[in-house]
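Each chain, written out:
There are 2 protein chains.
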Amino acid sequence: MEVTQANFKATLPEIETAIKNCTFVSIDTELTGLKTSLNKINAFDTPKQYYEKVIKDCRQFLVVQYGLTFFRYDEAADVFKHKSYNFYIFRKPVRNCVTDQRFLCQTSCIDFLIKNGFDFNKLFKDGISYLNNVEEDMYKNSIEETEKRIRESSNKSSGISIPAEHQDFVDSVVKELQDFLASEENEKELPKCNAFLRLLIYQVAKEKFQDQISLETRVVGKDRILFAKKYKSQIERMEIDEKKIEDMQNSMNDYIGFSKVIRMIIESEKLVVGHNVMLDLLHTIHKFVTPLPEDYDDFKECASSLFPKIVDTKHISSSESFKDLVNSTVLAQLLETLQKEPFEMPKIEVEENSLSYNINDAKEHEAGYDSFITGVALLGLWKYLGIEKGSFHNDDIFANLEFLKPYLNKIFLMYLSDNQYAHLSGPDLNPSREHVFYLTFPKEWTPNTIVQLFSPFGGVYIAWLSEASAFVALHKKDQAAVALKTLSQGDTYSIMTFAKRQALLAGLRTIAPSPIKRRKSIEGSLQTKRRKTNSFDGGSFSSSKRSIEPIVEEEQQTDQGASGSPSKQGLFEVASNWD
Amino acid sequence: MEVTQANFKATLPEIETAIKNCTFVSIDTELTGLKTSLNKINAFDTPKQYYEKVIKDCRQFLVVQYGLTFFRYDEAADVFKHKSYNFYIFRKPVRNCVTDQRFLCQTSCIDFLIKNGFDFNKLFKDGISYLNNVEEDMYKNSIEETEKRIRESSNKSSGISIPAEHQDFVDSVVKELQDFLASEENEKELPKCNAFLRLLIYQVAKEKFQDQISLETRVVGKDRILFAKKYKSQIERMEIDEKKIEDMQNSMNDYIGFSKVIRMIIESEKLVVGHNVMLDLLHTIHKFVTPLPEDYDDFKECASSLFPKIVDTKHISSSESFKDLVNSTVLAQLLETLQKEPFEMPKIEVEENSLSYNINDAKEHEAGYDSFITGVALLGLWKYLGIEKGSFHNDDIFANLEFLKPYLNKIFLMYLSDNQYAHLSGPDLNPSREHVFYLTFPKEWTPNTIVQLFSPFGGVYIAWLSEASAFVALHKKDQAAVALKTLSQGDTYSIMTFAKRQALLAGLRTIAPSPIKRRKSIEGSLQTKRRKTNSFDGGSFSSSKRSIEPIVEEEQQTDQGASGSPSKQGLFEVASNWD
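Heads up: the protein sequence lines correspond to chains A and B, in order.
Residue numbering for the first sequence is 1 to 579, as defined by UniProt numbering.
Residue numbering for the second sequence is 1 to 579, as defined by UniProt numbering.
Any given hint could be a false lead.
Put simply, identical chains are the same to the list, so a pair is met inside one copy or across any two.
Here are the simulated lysine-lysine pairs, DSBU-like style, with alpha carbons at most 35 Å apart [claimed, not checked]:
| # | residue 1 | residue 2 |
| --- | --- | --- |
| 1 | Lys243 | Lys125 |
| 2 | Lys40 | Lys140 |
| 3 | Lys122 | Lys53 |
| 4 | Lys122 | Lys363 |
| 5 | Lys243 | Lys476 |
| 6 | Lys340 | Lys188 |
| 7 | Lys260 | Lys477 |
| 8 | Lys476 | Lys309 |
| 9 | Lys56 | Lys40 |
Since the hints were derived computationally from the structure, they do not count as laboratory data.
Please construct the entire structure, taking both the sequences and the accompanying hints into account.
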């Protein structure tokens, strides 16, 4: 079901019911961009470094579509009922209450969305608003200030002296107002005048007719015109003021908008699932709940208290249990895999009187559809995990989260090596980096130069940091010590251990003397070494021509293009795996 | 006429003719935003400071619509023929050639555009591309690199050793290719494999079948598959390579897109007119011609050499000649004024077989329509200037630019005091600032506190710099010396001359000792002084509730709202005039 500002309020009660009844909810977002051009992720970043880089992006791009699918296990019928919602999300500014936001767009993401049928006109016209807690407080403050101003304005004048040249005009308006009070009329249009004169009239009217007349500026054609209205009584006046505050409060309620849905999900403590869900999770917290903390540990605490049960189908399908069964963890391809043996899907059906998707709908990259197939993927993985452990009945498997336990609160970290994840409710992995070196070299070096340099020690994986630096990982980890010893003598490049580099970055120790340099350049000899070794077994070059398609996940798939000659251009944008 | 990527090429020849034949061209742009939240303009900024602030905005926001109207004076019929074009402008990224741009949007501007019927789906689907000279050079370089790569790839191998575990696979593919060469087939699909294996196959095919087989990766469903094709001859291969380069060159030509139109206008040296045209001009240069220089004088030189004849109807209508005749220089209101006495419009007509607008089309803020009414406004102003000088025949008045001479190359600078302009082909105004003071004060101060402080010396204009600092200008300029002397003794605030503040900012001298402070706070006495003086005659408070509507021009119109109590909130965003 598509939800915009137009039907949001009316739909909220059924969403509330769906949350209450569901077994789990699957989520997906569409964003105006993924990566500012700064903050490149490196394959050997730690989860903490990863987080510190991506929060910068989360603060600049917008969530423009939010997909939710509620899956409810109907035990009697042994079927998963599902209903989906596809929300358009956009917040308009409100004078003095909601900031006139500046947001960033990444052209390739916009292009990707429009190609997948995203309706930007609908977004900007009818998007649903949202506020996080800080924005809501700002809104509340501005209501309080208005209240205060109303209270004060009934007590004191703004104290502006009337310039001599305007005295006649002001007097004439006072006369008009006196006549108006004496008349039978309920409303009077005052003479057109500029903003300063209008301010003077406001002031004089307050002094002279405080409990009898209220003024209001209205836009008439291209002009701003003052209108006077009679108060029937002090009580009526108070009621008008109260109504104004009430209107502001209602409008704030409308502005909280989609944040209510997220808050209800949080309160429900239901299982939440996403596919490659890190960015979705960060944006969900930052936009709809509370600004992301600077510190990674604070984030983990915050995320795990908000979403105590969350799983990531990309993490699950990348794990040991599925390594040999799943060729590709790209969502659409994963879904395909899960529909064949040895996997087995529980039965699914659209919830009665509800709208949802069908697996064959060609709606990929609509957030609602993607949330739906993510949920379906979870069912396939979950069922397999249950069967593996000897449970063959759905009501056993899906009765609780037992089989998902090893995957709970572990969020896949795209681009990092060793299938790393952010473990929201525990310590992260700390994979050995003893076989990884930090290498700096002349910017003329190509990937091949590095491959050849390390060729005596087997194949390498290169994670570019810049044109002239990279982390280089040996495939044969036992070669690390000898490689370091042998290569520490280059004079056109420098090499150090991963640990030392991290320590330098963290400023934990002062810079050690630079590695001993060899007198003779190694580069010349590299040419002759070519094809003598059998070292390269994949794992670098991969980004040189990677797709501009902005869906993070698909950037894993790369290609060399027709010319076949590896180019360094773009290589240091991000290092990724071959498949 | 609406122009998108779909009809741009076909329309270009008639645009070329229109440029050649026109008397002048009027322009207007729609942008994704006007102001990043940094870089606030102050009413007393110099044109140089103004420029340095706004170029930052120009680099971050996009032009999304460009309006052009060509006016041609038909002497025989004594009528101005016009034709209008409304271009949607958006550039998609191209792998390795055109950057995946990140651009900023200002929510209020997006909201404004959508309310005025702007079609974002059309923009993102069918926008016309553009390149400035630097981007074009980058594109050219990448073509050259491809050429070089093609040349080199025919000579040398990429030199990657085949890992033992892949040797069998590679050998089997070589066998397939040999069979293929011996067969009657013209194309062969190779076995699906990962990117590294594809790279190895490229390399081996080049080594073994250089002049006989070409390889190509195609996306088939969700997979990338290698296809082999036979070269019929060395010549055919060369032709294929040449075709590839030619395709890239054609694609570059398409990417230059709308920049061609701007380049043709520049070459024509025709009179260009815009209304409040500074931002239009800056974006036009930066996006379609060449990146804006950092230095203001360099900019003036660049702009005046590109557009040697440009006028700004906002500058003209704000000038002395029109001061008493024009109430509002807001475009729509100016147009209304110009249609009544004492103004007189020359006859206008839509060019034969062309599309244009009618004044009564309700298409305000469509760039094409706004460019049209800008041109019409120029005709009204121009004719009046001619009549004033004693010319009553259109063919005298519009024969050359004589009557526009005083306004040529002077671009209105929004928000600055004294109707300042950027004089592209000469020195800027240097209005006296002897009556302007730089004041710092406790952030609790309200506008009224400052008004009362200066009340002994008449009314003031306050241009806020921050919550705790402002430029304060005396209306009675002859009071400047005595005001400075008297007020130099406050101990809750500090005051200095405008000149001294500028010198400090420019770092021309070290900070002078802070002004002598008076022992007793002036603040207490301010309360008692209230209403004793007759000082305030408008000119401050104006921005406290200014409209969020993002059209620069209309921000001049402000209002106090119903409560009538001036609030400082938002005041220091920008200082503007009452009307």
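Status of each hint after checking the structure:
Taking the shortest alpha-carbon separations for Lys243 and Lys125, only the intra-copy value of 27 Å comes in at or below 35 Å, while the best inter-copy value is 45 Å. Taking the closest pair of Cα atoms, Lys40 and Lys140 come within 35 Å of each other only across two copies (27 Å); inside a single copy the shortest separation is 38 Å, beyond that limit. Taking the shortest alpha-carbon separations for Lys122 and Lys53, both the intra-copy value of 32 Å and the inter-copy value of 34 Å come in at or below 35 Å. Within a single copy, Lys122 and Lys363 get their C-alpha atoms as close as 17 Å, and across copies as close as 20 Å, so both meet the 35 Å cut-off.
With identical chains, the CA atoms of Lys243 and Lys476 are never at most 35 Å apart, being 74 Å at best within one copy and 44 Å at best between copies. In this homomeric assembly, Lys340 and Lys188 come within 35 Å of each other (Cα to Cα) only across copies, at 29 Å, whereas the closest approach inside a single copy is 76 Å. Within a single copy, Lys260 and Lys477 get their C-alpha atoms no closer than 51 Å, and across copies no closer than 57 Å, so neither meets the 35 Å cut-off. For a Cα distance limit of 35 Å, the shortest separation of Lys476 from Lys309 qualifies neither inside one copy, at 38 Å, nor across copies, at 70 Å.
For the homomeric pair Lys56 and Lys40, the shortest alpha-carbon distances inside one copy (11 Å) and between copies (24 Å) are both at most 35 Å.
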